[in-house]
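A.B. asks: Could you build all of it, start to finish, from the sequences and the hints given here?
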Amino acid sequence: MEFAGPVRPLPGGITPPEEKALSSGSPIRPGPLPAALVLPLVQHLGAPAEPCVAPGDRVLGGQVLARPDGPVSAAVHAPTSGRVVAVEPRPVPHPSGLTAPCVVLEVDGDDRFLDPSPLAGWRDAPPEVLLEAIAAAGVAGLGGAGFPTAVKAAAGGARRVDTLVLDAAECEPYITADDRLLRERAGEVLAGAAVLARLLRPERILIGIEDNKPEAIEALRAAADDVDPGAPLTCVVVPTRYPSGGERQLVELLTGREVPAGGLPADVGVLCQNVATAAAVHRAVARGEPLVSRITTVTGRAVARPGNVEVRLGTAFADLLADAGLDASALDRLLMGGPMMGFTIEDPSVPVVKTTNCLLAATAAELPPAPPARPCIRCGFCAEVCPASLLPQQLYWHARSREFDAARELGLADCIECGACAWVCPSTIPLVQYYRFAKGELREAEREREKAEHARERFEARQARQAREAAERAERRRARRTGKRAPGGEADPESSATAASATGASATPSSATAAAAPEAPATDARERRAAAVEAAVARARARRERDRSAEAATLYGAAEDGELARLGAELADARRRREALRADGGDPNVGEPNLGDPNLGDPNVGDPDLLAALDAEIAELEAALARVRSRLGGGAQP
Amino acid sequence: MSSVLLAVVALGALALLAGAVLGWAAVRFRVEADPVVERVDALLPQTQCGQCGYPGCRPYAEAIAAGEAINRCPPGGEATIRALAELLGREPEPLDGEEAEPRVAFIREEECIGCTKCIQACPVDAILGAAKLMHTVIAEECTGCDLCVEPCPVDCIDMLPVTPDLLSWHWAPPREPAFERTALIASDRRVA
Chain P
1 MEFAGPVRPL
11 PGGITPPEEK
21 ALSSGSPIRP
31 GPLPAALVLP
41 LVQHLGAPAE
51 PCVAPGDRVL
61 GGQVLARPDG
71 PVSAAVHAPT
81 SGRVVAVEPR
91 PVPHPSGLTA
101 PCVVLEVDGD
111 DRFLDPSPLA
121 GWRDAPPEVL
131 LEAIAAAGVA
141 GLGGAGFPTA
151 VKAAAGGARR
161 VDTLVLDAAE
171 CEPYITADDR
181 LLRERAGEVL
191 AGAAVLARLL
201 RPERILIGIE
211 DNKPEAIEAL
221 RAAADDVDPG
231 APLTCVVVPT
241 RYPSGGERQL
251 VELLTGREVP
261 AGGLPADVGV
271 LCQNVATAAA
281 VHRAVARGEP
291 LVSRITTVTG
301 RAVARPGNVE
311 VRLGTAFADL
321 LADAGLDASA
331 LDRLLMGGPM
341 MGFTIEDPSV
351 PVVKTTNCLL
361 AATAAELPPA
371 PPARPCIRCG
381 FCAEVCPASL
391 LPQQLYWHAR
401 SREFDAAREL
411 GLADCIECGA
421 CAWVCPSTIP
431 LVQYYRFAKG
441 ELREAERERE
451 KAEHARERFE
461 ARQARQAREA
471 AERAERRRAR
481 RTGKRAPGGE
491 ADPESSATAA
501 SATGASATPS
511 SATAAAAPEA
521 PATDARERRA
531 AAVEAAVARA
541 RARRERDRSA
551 EAATLYGAAE
561 DGELARLGAE
571 LADARRRREA
581 LRADGGDPNV
591 GEPNLGDPNL
601 GDPNVGDPDL
611 LAALDAEIAE
621 LEAALARVRS
631 RLGGGAQP
Chain G
1 MSSVLLAVVA
11 LGALALLAGA
21 VLGWAAVRFR
31 VEADPVVERV
41 DALLPQTQCG
51 QCGYPGCRPY
61 AEAIAAGEAI
71 NRCPPGGEAT
81 IRALAELLGR
91 EPEPLDGEEA
101 EPRVAFIREE
111 ECIGCTKCIQ
121 ACPVDAILGA
131 AKLMHTVIAE
141 ECTGCDLCVE
151 PCPVDCIDML
161 PVTPDLLSWH
171 WAPPREPAFE
181 RTALIASDRR
191 VA
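Going down the list, the sequences are from chains P and G. My numbering applies: residue 1 is where the first sequence begins, and numbers increase by one. My numbering applies: residue 1 is where the second sequence begins, and numbers increase by one.
Treat the hints with care, since some could be wrong.
Claimed, not checked - Now the stretches of chain G that chain P is said to cover, found in silico as 3 or more residues with beta-carbon under 8 Å:
#	stretch
1	37 to 45
2	61 to 74
Said to hold, decoys possible - A few chain G residues that don't get close to chain P, going by computed Cβ distances all over 10 Å:
#	residue
3	A10
4	M159
5	D165
Derived from the structure by calculation, the hints contain no laboratory data. Beta carbons are placed, not taken as given, at the ideal position from N, Cα and C, and that holds for glycine.
C.D. replies: Here it is in structure tokens:
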């Protein structure tokens, strides 16, 4: 392994007190085995995993609890044996304090695991097999963002990546998880790097590490000779300066290439992985172990035994802190992540997830509340320290006056929210909060724009469909009318109706009209004739409805017919009840009760108010029926 | 005399030529739709709710292009008014109406009688169901326009506020410091 210095200095950056000695002295210790584990379905960046267990299922350690759902997603595995008691929303470690779906596992204490299925001969395995193994183990970036590793590696493999960067800079104060990992398990990290190198076939592998970790550098040197002396491995020791561990910053430091705005390191031929992720990749491939635990720094002056813990995912922060000897009276603020980029956790029952690299239980003296912000004096210190070479002051002004588009023009999206600007601000302005707010508003506006666009498409599709249906209906009507006229000219509606009654219900309207109308018994009373007309019209209507329901494949035609039928039935029912009420004052609800319409309750016997109400209802139903008929465009209305 | 005639003829010929070119260009490069309408429409929230008094977002966009006030869209709120004002070079006006929180329709399914009225009212086909069968709202497609509430004969549709989830949540603005209101310069700051 070779050693080198950074190609180019980090623009900006700060050197806050390190506070790493609190936790870096003691070896990694195993975490507690709590009574229950809560495993969020989203522990990574991307779509939530799809649970594949149900409450009551018994699971073994390493068993899949949820499968990846979508192209960017990661599986979730059981960190120990036990019983699934629920799949429900639970509070998750997130700045919002909101809940998200989680699998809740009741731990049985036996800690039995599935037999691991290591990939024998992984050094010669084809890339697809390796990717599959990494994806099956649910490996996601352990450095902080939690991007699914298999997806990242596959995307990197598709492009031309000539440099693999391993991020061991760990620049944020207090955190020592990667430092201890390298000191104790440098071999695993390098083996993981070898797996990634097989996937990406880079020309060189660069390990970026800050010069405040000499033991880790020494461990890397020793392990490199053991693992693979011939690997094109270079350890780049960078000066200790926050935030040199940011992906873009480290790539720039190590290679001199600047990742374009809105782009990925792969755009400049680089793929960056955290060292802990590399170790997890090695475990997934060489040992067949899924990602069920991670090394988390538990630190701060409110815990008696700060250090690094190999904790099972899903362990509640409270359990982990109790294990480290939390002094609850001294605790002022609990942070997930470091003091610069971490966020406050209000509810300590939230679980450790794949991205929990640090738990900082700080006393009031350690992290004093920020003094009230004072006006910006335009000193420009923030611009000097910005590692992304942005103009924090301008971004602040625009964000505060809600000119989010102007902030975007100035590269707000390239802000990594490292907090260096706020750290140096002499007016103690919470700059990062303003940037986060502005980013959120921009994201929201973008989401709304997309939603509006989608709604517009649906609205236009609906209008097009309605126009098409109306045209089809008009076409059918026209066809029917011409069909009617063609054989017999202008037919007398009465005689044609009589003809229909004579020829029977099965005849189509045109054939009914076409049939030579037998002379109706004209001598009979007009009532008989009228009844026949009505019956014929009813049959014609039924036929028309049948035709229509057969023809109309769309929902609404059928729906309107259904409505017509329903209204007709209701009307008949209401009329019958009115007659019953009028006739004998008995119980009008003798037939089947009308379950369809709760407005038609159980009427009281012989109540004049009720009678009036029924009259009104009948009138209403008739009007509704007429409306529907006119909408259907039917000409069969008697 | 002849030079005057020559000038008149030359200018006349030029004018005819230019007219022909312009006439050809007007036909050749005709813009089908009014681009202003398109751009206004793109800024409207597309809820198709009709609260502006027009039967949908596009008719309102056309009206705006024809000079209608830009403050008639309650779902869009102040942000839409600002965007429209910027696009059209007009003065932003206060919103005509109340800006409501985003909401989503919810059908109490056990009460639904399957009348399909809400389905017919929904401008974006976000309600699923058939005659005499229970209906339900596809929440992701619902624009919260309220149009399904009124036609429901049994009042089984509620408009529920949209609760933020992890994806839609974002940071609130920091609290504005007190100096904005109490002090003119930094040294005016009272000792807390």
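A.B. asks: Confirm or reject each hint.
C.D. replies: Going down the list of hints, with the structure as the test:
Proximity of the stretch 37 to 45 of chain G to chain P, defined as three or more residues with a beta carbon under 8 Å from a beta carbon of that chain, is established by the 4 residues found. Only residues whose C-beta sits within less than 8 Å of a C-beta in chain P count toward coverage, and the stretch 61 to 74 of chain G has 0 of them, not enough to reach three; the restraint is violated. No beta-carbon of chain P comes within 10 Å of the beta-carbon of G:A10; the shortest separation is about 51 Å. Distance to chain P confirms G:M159 as a non-interface residue, since its nearest Cβ pair spans about 16 Å, more than 10 Å.
Chain P draws G:D165 into its interface by the beta-carbon criterion, the shortest separation being 7 Å against a cut-off of 10 Å.
Comparing the model with each earlier hint shows violations of hints 2, 5; every other hint is respected.
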